[in-house]
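Let the hints inform the model, and build the full structure from the sequences given.
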Amino acid sequence: MQLRYNYRAYPDASQRRALAQAFGCARVVWNDCLRDRKEAHAAGLPYVKSAELSRLRITQAKRTEERAWLADVSAVVLQQSLRDLDTAYKNFFDSLRGQRQGRKVGPPRYKSKKDSRQSIRLNTNAFSLQGDGTVYVAKVGNLKVVWSRRLPAAPTSLTVTKDSAGRYFLSFVVDTGPDILPEVEAASGVDLGLSAFAVLSDGRRISNPRFLRRAEKKLRCLQRELSRKAKGSKNRAKARIKVARQHAKVADRRRDWHHKVSTQIICENQAVYVEGLSVSGLGRTRLAKSVHDAGWSAFVSMLEYKAVKHGRTFAKVGRAFPSSRVCSTCGFQDGPKPLHVREWTCGACGTRHDRDQNAAQNVLFEGRRIVAAGRVETINACGAPIRRTHVPAQRGETGSPREGKTTQAGVPEL
1 MQLRYNYRAY PDASQRRALA QAFGCARVVW NDCLRDRKEA HAAGLPYVKS
51 AELSRLRITQ AKRTEERAWL ADVSAVVLQQ SLRDLDTAYK NFFDSLRGQR
101 QGRKVGPPRY KSKKDSRQSI RLNTNAFSLQ GDGTVYVAKV GNLKVVWSRR
151 LPAAPTSLTV TKDSAGRYFL SFVVDTGPDI LPEVEAASGV DLGLSAFAVL
201 SDGRRISNPR FLRRAEKKLR CLQRELSRKA KGSKNRAKAR IKVARQHAKV
251 ADRRRDWHHK VSTQIICENQ AVYVEGLSVS GLGRTRLAKS VHDAGWSAFV
301 SMLEYKAVKH GRTFAKVGRA FPSSRVCSTC GFQDGPKPLH VREWTCGACG
351 TRHDRDQNAA QNVLFEGRRI VAAGRVETIN ACGAPIRRTH VPAQRGETGS
401 PREGKTTQAG VPEL
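Under my numbering, read the sequence shown as residues 1 to 414, first letter to last.
Check the hints yourself; a few may be wrong.
Once the Cα atoms are required to be at most 20 Å apart in a straight line, the calculated PhoX-like pairs of lysine-lysine come out as [to be verified]: (1) Lys249 - Lys218; (2) Lys113 - Lys238; (3) Lys114 - Lys229; (4) Lys218 - Lys242; (5) Lys229 - Lys242; (6) Lys238 - Lys114; (7) Lys217 - Lys242; (8) Lys111 - Lys38.
Ranges of calculated distance between the beta carbons of each label pair, as one might list FRET restraints [claimed, not checked]: (9) Ser116 - Ser297: 15 to 23 Å; (10) Ser112 - Arg149: 33 to 41 Å; (11) Arg352 - Arg213: 25 to 33 Å; (12) Gly141 - Asp175: 25 to 33 Å; (13) Arg214 - Asp94: 39 to 47 Å.
Don't read these hints as lab results, they were simulated from the structure. Built from N, CA and C at the ideal position, the CB exists for glycine as well.
Here's what the structure looks like:
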């Protein structure tokens with residue numbers, strides 16, 4: 001399986017200029033190739049092949065006066081930008097044919113130097129890990145990196161990213177095998193919410209930290225200062241970076257907390273079952289800010305890939321399953337209940353239920369049933385899965401690995 005490991009990088013002034021030039025060249029190649037394909041499509045001409053674009057927009061463009069500066073960056077950066085465009089078109093065409101799961105993917109769009117995220121992608125021919133703890137990037141130099149943990153294997157590709165807060169990150173893709181944990185007997189159903197972030201079927205409640213809500217006061221002050229700055233001024237650019245850094249702190253805290261909680265749940269349970277939620281739909285309601293602050297989608301994705309990584313069972317219970325209406329003791333469905341009803345009594349057996357804990361227990365029972373039936377998700381009334389489960393790529397994980405479980409491969413001494 002492929003995992004991604006992110007590390008913070010600290011380039012000096014000359015390296016920042018070289019990276020900015022690499023970002024710009026990759027963006028120009030992307031836009032030029034995209035423009036050629038769009039113009040060919042508008043003129044009714046065949047789809048322009050990648051080999052032709054590489055010859056016209058990279059090889060021959062370097063010999064022209066207008067694009068001679070393309071030769072100042074590594075050729076790998078330019079070729080990878082063209083490959084990324086090919087991948088974007090493939091995802092778009094697969095989505096049109098119905099061969100791609102999930103949301104519909106739109107056609108590729110032009111990139112701008114004002115985008116909040118700039119990145120370049122490199123293969124093993126354009127970067128290497130040095131013995132002094134730095135990472136050599138072709139035509140950039142040796143970048144200083146903070147190694148928060150060791151790589152389990154030699155990386156196969158590298159992505160250098162600059163975010164909206166002006167921070168630089170190195171993202172390594174590593175091919176590694178699963179890290180199977182010892183088997184345990186426990187299994188857990190997880191009910192996600194806002195008053196409590198998660199309630200487990202065994203009665204444990206995980207409080208909602210509300211990172212964004214806690215930072216709102218400072219964000220309001222910074223946003224007010226930004227709104228008072230003249231557009232296009234240097235002071236406005238400085239104020240914008242302050243706002244972006246504060247938002248980055250909130251996102252980093254939330255991501256770190258998600259990783260810690262998801263790792264704990266996966267380590268303590270052999271099987272984990274989660275109720276599927278329509279986060280995009282809930283994000284359009286009056287609870288939108290609280291829903292996005294909780295970050296349910298990222299948390300469920302972490303549970304999913306960590307279950308695959310550590311040999312655990314994971315399944316989603318369809319969002320149409322009435323987990324809050326069914327009595328977990330007798331199975332009687334007691335009708336819909338408004339959100340303000342946190343406790344209720346079953347009309348059939350008289351059992352007093354906590355709304356969230358009862359829902360978590362029902363998620364556990366339904367998850368066991370669909371796994372025993374050989375499915376990965378609850379089916380709807382038509383007999384089709386509501387949404388198939390796939391194994392997502394690992395997001396930027398924080399924290400340190402367990403002692404004695406990783407090996408060092410091609411990484412300098414820490």
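Taking 20 Å as the top limit, are the C-alpha atoms of Lys218 and Lys242 close enough?
-> holds, 11 Å
- Query: Taking only the CA atoms, is the gap from Lys114 to Lys229 under or equal to 20 Å?
  - Reply: Holds, at roughly 18 Å.
field: Outcome of range test on Cβ distance (Arg352, Arg213; 25 to 33 Å)
entry: This hint holds: roughly 31 Å between Cβ atoms.
Does the structure keep Lys217 and Lys242 at a Cα separation of 20 Å or less?
holds, 14 Å
Hint check: Lys249 vs Lys218, CA-CA at most 20 Å. Holds or violated?
Distance ~12 Å between Lys249 and Lys218 Cα, so the pair holds.
Checklist line | 20 Å Cα cutoff - pair Lys113, Lys238 | finding: holds, 17 Å
Report task. Please work out if Lys238 and Lys114 have their alpha carbons no farther apart than 20 Å. Result -> Roughly 15 Å between the alpha carbons, so the hint for Lys238 and Lys114 holds.
**Request:** Kindly confirm whether 39 to 47 Å is satisfied by the beta carbon distance between Arg214 and Asp94.
**Result:** Once the Cβ atoms are compared, 41 Å apart, the range 39 to 47 Å for Asp94 and Arg214 holds.
**Message:** Between the beta carbons of Gly141 and Asp175, is the distance compatible with 25 to 33 Å?
**Reply:** 27 Å Cβ-Cβ, so the 25 to 33 Å window holds.
request  = Using the Cβ atoms, figure out if Ser116 sits within 15 to 23 Å of Ser297.
outcome  = Given a distance of about 20 Å, which is inside 15 to 23 Å, the answer is holds.
**Asked** Are Ser112 and Arg149 spaced within 33 to 41 Å by their CB atoms?
**Response** holds, 34 Å
Taking only the CA atoms, is the gap from Lys229 to Lys242 under or equal to 20 Å?
With a Cα-Cα distance of about 13 Å, the restraint between Lys229 and Lys242 holds, given a limit of 20 Å.
The structure shown violates none of the earlier numbered hints.
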